[in-house]
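Q: Model the full assembly from the supplied sequences, consistent with the hints where possible.
Chains as they are written, first to last, in our numbering: chain A, 1 to 325; chain B, 1 to 275.
In short, the hints are calculated from the structure, not lab data. One or more of the hints may lead you astray.
Unchecked claim - Just a few of them, taken from the derived set where beta-carbon distance is under 10 Å, the chain A residues facing chain B: (1) Gln26; (2) Trp59; (3) Phe62; (4) Val110; (5) Thr114; (6) Leu142; (7) Pro148; (8) Arg284.
Virtual Cβ for every residue (Gly too), placed ideally from N, Cα, C.
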Amino acid sequence: MATTEAEVADLATGAASTATQVEKSQLTRSRVRAAWLFLAPMLILLVMVAGWPLFRTIWFSFTDANLSDLSNAKYIGFENYLAYNDGEWYGVLADGEWWNAVWNTLKFSVISVTLETILGLVVALVLNASFPGRSLVRAAVLIPWAIPTIVSAKMWSWMMHDQFGILNHMLMGIGLISTPLAWTASPDLAMTAVIMVDVWKTTPFMSLLILAALQMLPTDCYEAARVDGIHPVRVFFQVTLPLIKPALMVAVIFRLLDALRIFDLIYVLTSNSKDTMSMSVYARQQLVDFQSVGYGSAASTLLFLTVGLCVVLYMTFGRVRFDGR
Amino acid sequence: MKRLFGWIAFYALVAAIILYSVFPFYYAIVTSLKAGSQLFSVEYFPTTWNWDNYVSVFREQPFAYNLLNSVLVSSAVVALSLFFGVTAAFALGRVQFRGRGLLLMTVLGVSMFPQVAVLSGMFELIRGFGLYNNLLGLVISYMIFTLPFTVWVLTTFMRDLPKELEEAAIMDGANPWEIIVKVFMPLMWPALVTTGLLAFIAAWNEFLFALTFTLTNTQRTVPVAIALISGASQYELPWGNIMAASVIVTLPVVVLVLIFQRRIVSGLTAGAVKG
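A: Structure follows, in structure tokens:
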């Protein structure tokens with residue numbers, strides 16, 4: 001952009017400019033060369049820690065690799081994914097537990113991101129109002145975000161303890177439940193518990209992103225709405241929401257991608273329980289606990305493809321743009 | 001009357017938000033100050049100030065090592081990602097060249113990688129370097145999630161710096177490295193603090209790689225150490241110790257976040273909304 005403008009200006013000044021133009025393009029070329037030189041270390045590092053491991057994982061998924069000896073891996077085609085042998089189907093795609101993990105992950109992601117968005121909106125609207133003590137509230141809201149996921153999982157599993165937990169104590173105190181609940185152990189409640197902790201932990205991120213969008217809104221249309229005496233709820237749905245929709249869509253996809261790869265919270269809160277096992281937990285269990293790197297890599301690759309598919313679908317249907325400006 | 005009611009409802013909502021955000025951490029502190037069988041009675045306020053749990057965390061396991069490991073790993077991750085981030089952001093933010101947009105998209109794409117998707121390849125890489133059960137292995141593997149967002153945030157920041165500064169420096173015959181160090185770096189302190197802090201927190205909290213790539217107690221980072229604290233049996237977790245350890249690792253982060261809250265908020269939004 002800068003060069004074209006400069007070139008146009010040069011042409012306008014006439015013949016004497018040819019020399020400076022050559023100089024300018026030389027300068028540009030040396031700058032581009034410097035740019036690549038400065039990019040190289042980052043690119044090499046990124047290829048080393050991201051590109052290569054991803055490539056190797058995909059390769060392992062087509063082999064019978066074992067954790068104790070990775071170098072002896074043999075190519076076995078799609079057998080880790082799906083194979084037919086003696087009247088029975090084998091492979092990740094024929095494993096009921098994998099599909100259970102897929103279902104758990106999708107259920108978890110959709111429910112918790114929806115709840116976070118709604119709660120995040122409420123918190124952001126509160127923080128956007130001006131009232132005494134606002135900065136105190138903002139500081140308080142940031143605390144769950146700052147707490148390490150493992151720590152929040154431990155804190156909540158103590159609060160949800162079936163015998164001594166404060167959550168049961170509170171709920172029984174106000175008469176909502178009559179007997180203590182086993183939050184993390186019972187099959188019906190385990191997923192609820194995971195979602196509760198995740199919502200608590202990640203709502204701050206959501207509300208801060210929404211707050212930033214709210215603070216960039218023009219004030220004049222709100223003035224107009226107030227003068228016309230339009231009800232605030234209507235203003236919210238017809239003015240605010242459409243205006244912050246682009247930012248909201250970006251925040252939602254960030255959270256969705258995070259939720260789809262959830263590992264640590266579930267691993268610590270409910271360990272390898274089937275009721276909450278996510279795709280990441282499944283893949284790691286195969287890889288590390290059962291030592292079958294080939295099979296686990298096939299699961300990892302499927303997770304990668306699922307996440308990729310979600311991004312493509314979301315960007316196509318949500319018309320989200322990521323190109324910076 | 002209606003206004004008063006609205007006012008009360010609003011402040012009730014504010015109180016609920018504060019309570020909801022702060023209570024779990026507050027309760028962890030209360031629990032960590034209890035001793036013995038006191039743990040098993042629910043109390044909303046601390047009745048005793050007993051520091052035994054804090055002492056026994058350090059006595060019963062190598063928690064001091066774990067803390068040191070976490071500090072070393074996170075600091076190294078911050079230093080490396082800022083260095084690689086600044087040099088790359090200069091190229092991506094200040095120079096127009098073909099393939100720039102594609103590169104930025106690729107970097108953003110990497111930040112969306114599920115960590116599990118690279119787990120077996122990363123394991124092989126780390127073992128190949130002989131860095132299994134070594135802190136350096138963790139530092140290298142953490143680059144996969146700190147580098148993309150460092151590059152991304154610093155690029156958006158670098159792009160908005162005035163062009164005139166750089167032109168003046170070029171006129172004075174400065175080379176690109178001098179431009180970065182002498183012209184841009186002094187202006188970029190806010191962005192460096194923000195991204196550095198975010199990278200530090202991400203590395204401090206990381207669990208999956210730390211769990212998979214370390215083996216012995218003394219090489220573990222804090223999150224793994226806390227997750228693996230166990231008692232005599234599965235049903236007798238030493239909750240007092242766990243809560244004391246949790247408070248120890250969380251307090252510094254919470255203090256940092258509260259001090260730099262404005263910076264962090266602007267960093268998060270620069271990374272997500274503008275990006």
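Q: Taking the hints in turn, state whether each one holds.
A: Structure-based check of each hint:
no.: 1; hint: Gln26; result: violated, 12 Å
no.: 2; hint: Trp59; result: holds, 8 Å
no.: 3; hint: Phe62; result: violated, 12 Å
no.: 4; hint: Val110; result: violated, 17 Å
no.: 5; hint: Thr114; result: violated, 18 Å
no.: 6; hint: Leu142; result: holds, 6 Å
no.: 7; hint: Pro148; result: holds, 4 Å
no.: 8; hint: Arg284; result: holds, 6 Å
When the structure is compared with the earlier hints, violations turn up for hints 1, 3, 4, 5 and for no others.
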